[in-house]
Amino acid sequence: MTRFKAIISLLTAATIVGSTLVVSRLISNGSSVFFIQFIAMLIASLILFLWNGKERIQTEMKGIGIMQYLSFLFQALFGVVLFRVFLVYGVRLTPAMDAGVILSLTPLVTVILSIQILKEKLGRREIIALFFASTGILIININSLNSESEIGTAR
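Numbering (this note's numbering), first residue to last: 1 to 155.
Rather than coming from a laboratory, the hints here were simulated on the basis of the structure.
Hints may be right or wrong, so weigh each one.
[To be verified] Have a look at the derived ranges for each label pair, beta carbon to beta carbon:
#1 126 with 83: 19 to 25 Å
#2 134 with 19: 19 to 25 Å
#3 53 with 114: 27 to 33 Å
#4 23 with 134: 22 to 28 Å
#5 77 with 2: 30 to 36 Å
#6 58 with 105: 35 to 41 Å
#7 20 with 71: 20 to 26 Å
Even for Gly, the Cβ is constructed at its ideal location relative to N, Cα and C.
With the hints as extra help, turn the sequences into a complete structure.
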């Protein structure tokens with residue numbers, strides 16, 4: 001992957017993740033959550049297919065066995081679909097500010113759980129990245145709470 005393509009991919013991913021909360025708030029007020037998730041996964045699959053091409057996908061998937069396909073299925077179900085479904089239902093029941101705080105803590109909680117449950121080892125670079133991510137989350141959320149107390153609670 002070229003540097004330019006990697007930067008574009010990172011910016012696209014950050015944009016999608018950043019808009020997740022807003023889109024979740026919008027769709028929680030009306031449409032069927034499962035139907036919207038189905039359409040989102042369909043569109044994502046189409047984009048993935050177009051981005052990588054049929055030949056590359058066939059080449060990469062050639063040596064994968066049935067157990068790995070099942071593993072992919074469960075990772076997609078629990079890691080993507082159910083996360084997004086619970087996010088939409090949670091946003092429906094939670095004030096926007098609280099939902100933002102909770103969503104911003106997701107990567108930190110994921111790392112902590114992977115250390116405790118999966119016995120992942122963190123190297124020096126990972127610890128530094130975790131420190132900066134935690135500090136950034138803390139700064140953003142403290143600033144958000146300060147501005148909310150000045151303006152009043154917007155729910």
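Going through the hints against the structure:
no.	hint	verdict
1	126 with 83: 19 to 25 Å	22 Å, holds
2	134 with 19: 19 to 25 Å	23 Å, holds
3	53 with 114: 27 to 33 Å	32 Å, holds
4	23 with 134: 22 to 28 Å	26 Å, holds
5	77 with 2: 30 to 36 Å	32 Å, holds
6	58 with 105: 35 to 41 Å	39 Å, holds
7	20 with 71: 20 to 26 Å	24 Å, holds
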